[in-house]
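Asks: From first to last, the protein sequence lines are chains Y and Z. Numbering of the first sequence is given in this note's numbering, commencing with residue 1 and proceeding in unit increments. Numbering of the second sequence is given in this note's numbering, commencing with residue 1001 and proceeding in unit increments.
FYI, nobody ran anything at the bench for these hints, they're computed from the structure. Beta carbons are placed, not taken as given, at the ideal position from N, Cα and C, and that holds for glycine. It is possible that some hints are incorrect.
Claimed, not checked - For the chain Y half of the interface with chain Z, some residues (derived, Cβ under 10 Å), not all of them:
#: 1; residue: Tyr15
#: 2; residue: Asn17
#: 3; residue: Asn146
What the hints assert, rightly or not - The following residues of chain Z were derived to be distant from chain Y, with all beta-carbon distances above 12 Å:
#: 4; residue: Asp1077
#: 5; residue: Ser1114
#: 6; residue: Lys1195
What the hints assert, rightly or not - Here are the simulated BS3-like pairs of lysine-lysine, each with C-alpha atoms no more than 27 Å apart in a straight line:
#: 7; chain 1: Y; residue 1: Lys195; chain 2: Y; residue 2: Lys58
#: 8; chain 1: Y; residue 1: Lys227; chain 2: Y; residue 2: Lys43
#: 9; chain 1: Y; residue 1: Lys195; chain 2: Z; residue 2: Lys1234
#: 10; chain 1: Y; residue 1: Lys204; chain 2: Z; residue 2: Lys1002
#: 11; chain 1: Z; residue 1: Lys1204; chain 2: Y; residue 2: Lys2
#: 12; chain 1: Z; residue 1: Lys1043; chain 2: Z; residue 2: Lys1230
#: 13; chain 1: Z; residue 1: Lys1195; chain 2: Y; residue 2: Lys2
#: 14; chain 1: Z; residue 1: Lys1058; chain 2: Z; residue 2: Lys1091
#: 15; chain 1: Z; residue 1: Lys1234; chain 2: Z; residue 2: Lys1058
#: 16; chain 1: Z; residue 1: Lys1002; chain 2: Y; residue 2: Lys203
#: 17; chain 1: Y; residue 1: Lys131; chain 2: Y; residue 2: Lys2
#: 18; chain 1: Z; residue 1: Lys1043; chain 2: Y; residue 2: Lys186
#: 19; chain 1: Z; residue 1: Lys1043; chain 2: Z; residue 2: Lys1091
#: 20; chain 1: Z; residue 1: Lys1072; chain 2: Z; residue 2: Lys1002
#: 21; chain 1: Z; residue 1: Lys1186; chain 2: Z; residue 2: Lys1055
#: 22; chain 1: Y; residue 1: Lys227; chain 2: Y; residue 2: Lys203
#: 23; chain 1: Y; residue 1: Lys55; chain 2: Y; residue 2: Lys91
#: 24; chain 1: Y; residue 1: Lys55; chain 2: Y; residue 2: Lys227
#: 25; chain 1: Z; residue 1: Lys1204; chain 2: Z; residue 2: Lys1072
#: 26; chain 1: Y; residue 1: Lys131; chain 2: Z; residue 2: Lys1195
#: 27; chain 1: Z; residue 1: Lys1227; chain 2: Z; residue 2: Lys1043
#: 28; chain 1: Y; residue 1: Lys55; chain 2: Y; residue 2: Lys72
#: 29; chain 1: Y; residue 1: Lys43; chain 2: Y; residue 2: Lys110
#: 30; chain 1: Y; residue 1: Lys195; chain 2: Z; residue 2: Lys1131
#: 31; chain 1: Y; residue 1: Lys195; chain 2: Z; residue 2: Lys1186
#: 32; chain 1: Y; residue 1: Lys186; chain 2: Z; residue 2: Lys1110
#: 33; chain 1: Y; residue 1: Lys2; chain 2: Y; residue 2: Lys186
#: 34; chain 1: Z; residue 1: Lys1043; chain 2: Z; residue 2: Lys1002
#: 35; chain 1: Z; residue 1: Lys1234; chain 2: Y; residue 2: Lys2
#: 36; chain 1: Y; residue 1: Lys110; chain 2: Y; residue 2: Lys234
#: 37; chain 1: Z; residue 1: Lys1234; chain 2: Z; residue 2: Lys1110
#: 38; chain 1: Z; residue 1: Lys1043; chain 2: Z; residue 2: Lys1131
Residues per chain, in single letters:
Number of protein chains: 2
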Amino acid sequence: MKVEVCLSPALYSFYENRDAIVVVVDIFRASTSICAALVNGAKGIIPVASIEEAKVYKAQGFLVGAERNVAKCDFADFGNSPFDYTPDHVKDHDIVLTTTNGTQAINVSKDAHSLVIGSFINLASVVDYCKSEQRDVVILCSGWNNRFSIEDTLFAGALVELLSDLDFDITTDSSFAALSLWEQAKSEPFLFIAKTEHYQRLKKHNLLDQINFCLSIDMVRGLPILKNGKIVLKE
Amino acid sequence: MKVEVCLSPALYSFYENRDAIVVVVDIFRASTSICAALVNGAKGIIPVASIEEAKVYKAQGFLVGAERNVAKCDFADFGNSPFDYTPDHVKDHDIVLTTTNGTQAINVSKDAHSLVIGSFINLASVVDYCKSEQRDVVILCSGWNNRFSIEDTLFAGALVELLSDLDFDITTDSSFAALSLWEQAKSEPFLFIAKTEHYQRLKKHNLLDQINFCLSIDMVRGLPILKNGKIVLKE
Chain Y
1 MKVEVCLSPA
11 LYSFYENRDA
21 IVVVVDIFRA
31 STSICAALVN
41 GAKGIIPVAS
51 IEEAKVYKAQ
61 GFLVGAERNV
71 AKCDFADFGN
81 SPFDYTPDHV
91 KDHDIVLTTT
101 NGTQAINVSK
111 DAHSLVIGSF
121 INLASVVDYC
131 KSEQRDVVIL
141 CSGWNNRFSI
151 EDTLFAGALV
161 ELLSDLDFDI
171 TTDSSFAALS
181 LWEQAKSEPF
191 LFIAKTEHYQ
201 RLKKHNLLDQ
211 INFCLSIDMV
221 RGLPILKNGK
231 IVLKE
Chain Z
1001 MKVEVCLSPA
1011 LYSFYENRDA
1021 IVVVVDIFRA
1031 STSICAALVN
1041 GAKGIIPVAS
1051 IEEAKVYKAQ
1061 GFLVGAERNV
1071 AKCDFADFGN
1081 SPFDYTPDHV
1091 KDHDIVLTTT
1101 NGTQAINVSK
1111 DAHSLVIGSF
1121 INLASVVDYC
1131 KSEQRDVVIL
1141 CSGWNNRFSI
1151 EDTLFAGALV
1161 ELLSDLDFDI
1171 TTDSSFAALS
1181 LWEQAKSEPF
1191 LFIAKTEHYQ
1201 RLKKHNLLDQ
1211 INFCLSIDMV
1221 RGLPILKNGK
1231 IVLKE
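Looking at chain Y on its own, in the form it has when it is part of the complex:
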């Protein structure tokens, strides 16, 4: 089984593999927030690409998470902070979600064999799933407006490292590069990230506590998986 890392949703067609598990990653913050919402009891997350679609759902009475360029959209119930999705707000609800990058990545890869959501906080659950399925893995980094982002690539490297221990083939250039970056960063991910763009973007919005949470490995158990257009916890 081969592991490949696709560094932007705009490159997905060059890595597309219909027989593979796609692991969608948007560390800051959509994939972390989706994990948090589901382990806190949300029934499902309905990812939508546009603000307009999200507003239609809102008018129908759905709870809606909506973010663009770091900020929560005015009409929405939640932004893109994992701390927004507390049990008292989300339990037993379906939540419609649209974010700058993460939901776009889900959209381009939704026809894969299976689509799961990966984040540092549920890393072990992602590894367990890949181990049980024994098939190719494409790690799809959401990036920032289709540009490369370091935090998603570091997560990819962490996952590549663990899959390598399970005898997955990690010789693809992008897997090798992601692993190399992770090896440099893993002793102090927070310090490594501190030099980068999105950190500065989040810092401006006073979100450093969220960065810490988003970089915390294995805080939760649970695997968000796409089923019939809705992301639910895998049973």
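Dock chain Z against chain Y, hints included.
Replies: Below, chain Z alone, put in the same frame as chain Y:
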């Protein structure tokens, strides 16, 4: 002045900056071959995207370099080896060139303020030009069929390192990542590359001597630059 690294021609629109110098990189092997041909006395290189265009030029009497998937095309005078472009073959000739990746990267970025060709063998000349121009730099990695490639990214990291010493802003995530990879690789680039895809591809074709040459820093002085659709040595 900002330095950005664009990791694939397919991502160029997200990094496009009409006021920038674009440094097109295809270490294995188009950008290295273009440098070799020009310093060996070729008058100019006419990059074309398709085999069909190259054949039209060939019929008109031009010398043609043409490669697809590592191999020289049958109809062509040269393949994509820097060793093909010797002074006795190229001196005072215009050469039409089409390759799997490099000429595609030139094609997408040809409207930049200036487009130059970067390779390890002419690295110092690229740095000198960026220093003299004092404007933003976009390093465009040709990749492999629009996929990420490690050798182009390592060159980007080497260039980022030198531009950082000249007070260029290198805080973009992709510049930071390329630099981090280069820092890991630079003591032994050949060994680092040996784990990767394109190395294996070239090794299969018995091209290891070319890899060595393509990774040799500052073998030549000279800067290929695009002028009116033709790549010539900058005066």
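Asks: Now look at each hint and say whether the structure bears it out.
Replies: Against the structure, the hints:
| no. | hint | in the structure |
| --- | --- | --- |
| 1 | Tyr15 | holds, 7 Å |
| 2 | Asn17 | violated, 12 Å |
| 3 | Asn146 | holds, 5 Å |
| 4 | Asp1077 | holds, 30 Å |
| 5 | Ser1114 | holds, 22 Å |
| 6 | Lys1195 | violated, 6 Å |
| 7 | Lys195/Y x Lys58/Y | violated, 38 Å |
| 8 | Lys227/Y x Lys43/Y | holds, 12 Å |
| 9 | Lys195/Y x Lys1234/Z | violated, 36 Å |
| 10 | Lys204/Y x Lys1002/Z | holds, 20 Å |
| 11 | Lys1204/Z x Lys2/Y | holds, 20 Å |
| 12 | Lys1043/Z x Lys1230/Z | holds, 9 Å |
| 13 | Lys1195/Z x Lys2/Y | holds, 15 Å |
| 14 | Lys1058/Z x Lys1091/Z | holds, 17 Å |
| 15 | Lys1234/Z x Lys1058/Z | holds, 26 Å |
| 16 | Lys1002/Z x Lys203/Y | holds, 21 Å |
| 17 | Lys131/Y x Lys2/Y | holds, 12 Å |
| 18 | Lys1043/Z x Lys186/Y | violated, 50 Å |
| 19 | Lys1043/Z x Lys1091/Z | holds, 7 Å |
| 20 | Lys1072/Z x Lys1002/Z | violated, 38 Å |
| 21 | Lys1186/Z x Lys1055/Z | violated, 40 Å |
| 22 | Lys227/Y x Lys203/Y | violated, 35 Å |
| 23 | Lys55/Y x Lys91/Y | holds, 21 Å |
| 24 | Lys55/Y x Lys227/Y | holds, 22 Å |
| 25 | Lys1204/Z x Lys1072/Z | holds, 15 Å |
| 26 | Lys131/Y x Lys1195/Z | holds, 24 Å |
| 27 | Lys1227/Z x Lys1043/Z | holds, 12 Å |
| 28 | Lys55/Y x Lys72/Y | holds, 13 Å |
| 29 | Lys43/Y x Lys110/Y | holds, 19 Å |
| 30 | Lys195/Y x Lys1131/Z | holds, 24 Å |
| 31 | Lys195/Y x Lys1186/Z | holds, 21 Å |
| 32 | Lys186/Y x Lys1110/Z | violated, 39 Å |
| 33 | Lys2/Y x Lys186/Y | holds, 23 Å |
| 34 | Lys1043/Z x Lys1002/Z | violated, 32 Å |
| 35 | Lys1234/Z x Lys2/Y | violated, 44 Å |
| 36 | Lys110/Y x Lys234/Y | holds, 16 Å |
| 37 | Lys1234/Z x Lys1110/Z | holds, 16 Å |
| 38 | Lys1043/Z x Lys1131/Z | holds, 26 Å |
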